[in-house]
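Colleague: Each chain, written out:
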Amino acid sequence: MILDYLFRLRALIVLAVLVITFTALSPAFLTAGNLTILVKHVAINAILAVGMTFVILSGGIDLSVGSIAGLSGIIAGGLIHSGLVLHPLGVIVYFHTWLVVAIALAAGAAVGAANGLLISQLRVAPFIATLGSMYVARGAALLTSNGATFPNLSGSPELGNTGFLLLGSGTYLGIPLPIWLMLAIAAAGVFVAVRTPFGRRIYAVGGNEKAAELSGVRVARIKFWAYVISGACAALVGLVIAAQLGAAHPATGETFELNAIAAVVLGGTSLMGGRGSVGGTIIGAFVIGVLADGLILLGVSEFWQIVIKGLVIVLAVILDQMQQRYALRAAAALRR
Amino acid sequence: MKEPEFIIEARNVSRQYPGTLALDGVSFALRPGTVTALIGENGAGKSTLVRILAGIERPTSGSLVLDGETMTLNSVRDADVRGIGIIHQELNLCPNLSVAENIFLAREITVRGVVDKRRQLQQARELLARLEHPIDPSALAGDLPLGQQQIVEIAKALSRNVRVLMMDEPTSALSASEIAILFRIIGDLKSRGVAIVYISHRLEELLEIADSVSVLRDGRMVAEAAACEVDTNWIVEKMTGRPAGQAQAPEARDTGNQILRLDSLSLNAAGGRPLLRGVSFDVRAGEVVGIYGLMGAGRTELLECIMGLHPEAAGSVYLESRPLDGMDTPGRIAAGLAMVPEDRQASGIIQSMTVRANMTLSSLGRYVRTAWLSLAAEDRAASAMSTELRIKCPGLRYSIASLSGGNQQKVVMAKCLLTNPRVLLLDEPTRGVDVGAKREIHAIVRRLAASGMGVILASSELDEIRATAGRIVVMSRGAVTAILPAAEATAEALVVAASPSAGERRDAA
Amino acid sequence: MKLRISAALTAALFALMLSACGSGPQPPAKKLIAVITPSNDNPFFKAEAETATTRARELGYEVTVNSHDDDAHKQDQLIDVAIANRAAAIILDNAGADASVAAVSKAKAAGIPSFLIDREINSNGIAVSQIVSNNYQGATLAAQEFLRLMGEKGDYVELVGRESDTNAGIRTRGFHDVLDKYDGLKLVSRQSANWSQSEAFQKVETIIQGNRNIKGIIAGNDTMALGAVAALKNAGLESVIVVGFDGSPDAIASIKSGGIKATVLQPAATIARLAVDQAHKFLTTGSTGAPEKQSIDCELVTPANAGQFGLFGRK
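Residue numbers (the numbering used here), protein chains in the order written: chain A, 1 to 336; chain B, 337 to 845; chain C, 846 to 1160.
Hints listed in this document are in silico derivations from the structure and should not be mistaken for laboratory results.
Virtual Cβ for every residue (Gly too), placed ideally from N, Cα, C.
Check before you lean on any hint, since a few could be wrong.
Reference listing, derived: stretches of chain C covered by chain A, where coverage requires no fewer than 3 residues with Cβ under 8 angstroms from a Cβ of chain A [what the hints assert, rightly or not]: (1) 886-899; (2) 1023-1037; (3) 1041-1047; (4) 1051-1062; (5) 1066-1075.
For reference, chain A alone in the conformation it holds in the complex:
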């Protein structure tokens, strides 16, 4: 029974061990300032990972999130920096900041929708479909900016498009906005997963697609929305990064998908689908974030950082496997 609890809390235990280790080794680690920065860094990966959790729970995978983040940043950057040029009219249209944000989010959701249609209607394997859209979205970002960076996204009052940078650097009650965004997305994610029919159906689809369909779940529709959610989360991340840097770069977000998948897996969600939780994913994102920032504070070299991150992921997955075997044995014991 104790073993059961330890297994369930394994991600939290790993996190606690990391926090204690870094606190002991670096006086700067457990300070309000550092923790704020740390959570802000975690927010980027956590928001991506919440969207990814829905996709993985449904039995899929989304490799396109990093590229979607890059694309949404470039769209927002382009609209603020140089506006939308309507060629036949020779007019340049600038949008209000809120509208810019909405357009970029919609673009991310649209790429997610394309993923969803490919996977649920045309039955393309998720890995392949999102690998394709990963390239297409990255290429679209490069084409949009012609490979260049859109600098200086502070906007101008005459055009009514100021305030974008607040998304990255603004604070509310002394806490940076990206953290609030993460909290909101995480809360919404937990709520949707646990307390809505949609969330329950995602678990069902990932657990046993055939049984879900026979139970009246519209499998294709559920999968579609999982990818739309993931795309929108990725777009939000692209906006936050562009706002933090005050510049939008088309290569932003490369390899982000791997960090997001790592957070989901660390949080105990099964890559086979049907098992896991949004809360676990948030803890997983914290494990990765604490590890990265702690090692920087300790001045550990990049190469070691990569090795250690890899080891922690493998360790977490081994624990996950042990827990599943344990749970199976426990279930078998109950049956007798």
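Use these hints to put chains B and C onto chain A, whose structure you have.
Modeller: Relative to chain A, chains B and C alone:
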């Protein structure tokens, strides 16, 4: 040294599966040069017994004796080396390999480590010629019609110089002429001293080919006799455990209005082979309609068509006079249909979810308050249903994997009932379920019908059909061959109507 | 049967392809110069490619432009394509000092002269010219300006580029050859940000948590320097001195508005133009008239002279 009387013997063999005891102290022995028919209803333990003899599974207790010596079979390869072969009910060919490659799979003829394709082709050709089927050995197995694939399976077993050969429904995919050839081959093998175990649902066929008959029921060996001493009546009696011809029909009761009507449902397999051929019948409120048929008769396909899982099917389904054409499965569930599927693990339960989540999956909309699920409402509904169906579980929040087969099945039924269906479809609802749970499920079915629900129960077990159904639709080869009221549905009548030849007769008509 | 038909089809296709190779595409009316650079999402390489293209067209060549994404395998394929197209010359910013030797040799064997720009290869006599900006000289230039701005003392942070990259190593060596002589300067953190702006942003945010009183940050390229500036601005530490490397337009704009304090400009445009000129001379006269290895010095950009520079070159 005296030759042992038996080639192979199973002594007091038991096999425990989670939730069920598939074999209970069975002893079974094979003499060289004889054909033994192994008979029993689905779930009686026939397949488990031959799987143990073929080394695919290991017994929980008991021992195997080969040539008078106790031994253990740890793998199919082990059995293979000892000259024990099996031809499965489901075909086990690799469709992407050629016929010759399939025949010599894992025992390729090699010259210095390289496969000698020419010799393989030549030997395969000789084998197939012996089977009077000159199939091109270089053709891809997947391109052959089902009957020819079955022949290749047989060739595969023959190529191994077997001493013991087990055939699990080898004729289910064969035509009459192909069966005649198979019987000649069996005769040939007999004369060479091979011991053969033959499993089939075609009783006349069994009596024609077998030397002795062994009957399994609920995991026990209940009767053994020489084939010349018995008839089909005897077999049915031993199989079902009650005298043939004495139907134990549920008491006749008034049934209400027609609630479901099927109008010439037809369905073809991907290759064009017909799975359903113009199936029409109706279901009245308060009635249990049993669908009886052998494996491959089209029972499952019929229920799946009613649920809208095959949009390409022709024909119409009317629920309370309302046509359901073009409606998908969720739509039909909302309209008042629900189905308990045949394969519980693959399409009934969701292993990764809790008992409660499995139960409420089809009726989630009922527990929504404003925009979210009321866990309390969900819990109330699930506990009520759990009490009603007497589901034994450690708690609704536990994983469904912690339940026995029978209780898992009740959870699937609970899921269906929570949608308040007008018509409930049950496909082999007691497969892999122990005897106690089986009776309870039958009682539930009768109770539901009494409350005014229409029920369709498909089964390949005579017993089950006769314990529940008020009217019985018999199917063979995708077509309805008889519709009998319970009173007229003697075991014999059902078996005759269900036999594949009945389906063929209907073809001719 | 099916098998045999498909085998026959395959054989026929092969025959067709071989015969096509035999006759080959006709040599273009104009001579072709193939320009191959690492990527197209970096203004530095873009400037290289665009300058080379413009200059080659001026001289009457056809031009193809491709990028190898720092992937030696992809570079090899692009070289194959250039050979197949019967290019007259290849202008190449290569994908690794050792990994590129074979590809350049292959072009030479096919009779196509290569002119390397920006990065060298570890072999002499294969390429006709290897024209690089003097990264070491540039790094010492940046370090000297950093030293002056720091007043020769205080805590500082170094952001290194992708550590597997040759230039990242040369630049950090140049920095330290200058800075390590001064005891007053203390390197409190040295991290790789892989040339990336968002990575530099996050890493600097974390580093300043442990080192509140840093006085300066020296970065291996401008992108990382810009990320550092954004992080410092967020933390209200605008007074921290940031020095970059490359001279990108964004960095020059940042210098003008008081963000980055200095950078060194790699004359990418000058180098690309020079390489095309030498290719032209080689193709017309058989010699470039210059040694194979040529090193072009970098220039320091400060607020005082920022107005004089354009896209990786003086205006």
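Colleague: All hints are to be evaluated individually against the structure, with a verdict given for each.
Modeller: Here is what the structure says about each hint:
Residues of the region 886-899 of chain C lying with their CB closer than 8 angstroms to a CB of chain A number 4, which satisfies the three-residue condition for coverage. With 4 residues having a Cβ less than 8 angstroms from any Cβ of chain A, the region 1023-1037 of chain C passes the three-residue criterion, so the hint holds. Given a C-beta distance limit of less than 8 angstroms, the hint that chain A covers the region 1041-1047 of chain C holds, as 5 residues qualify and 3 suffice. With 5 residues having a Cβ less than 8 angstroms from any Cβ of chain A, the region 1051-1062 of chain C passes the three-residue criterion, so the hint holds.
Counting residues of the region 1066-1075 of chain C whose CB lies closer than 8 angstroms to any CB of chain A gives 4, so the stated coverage by that chain holds, three being the minimum.
The structure fails none of the hints (numbered hints given earlier).
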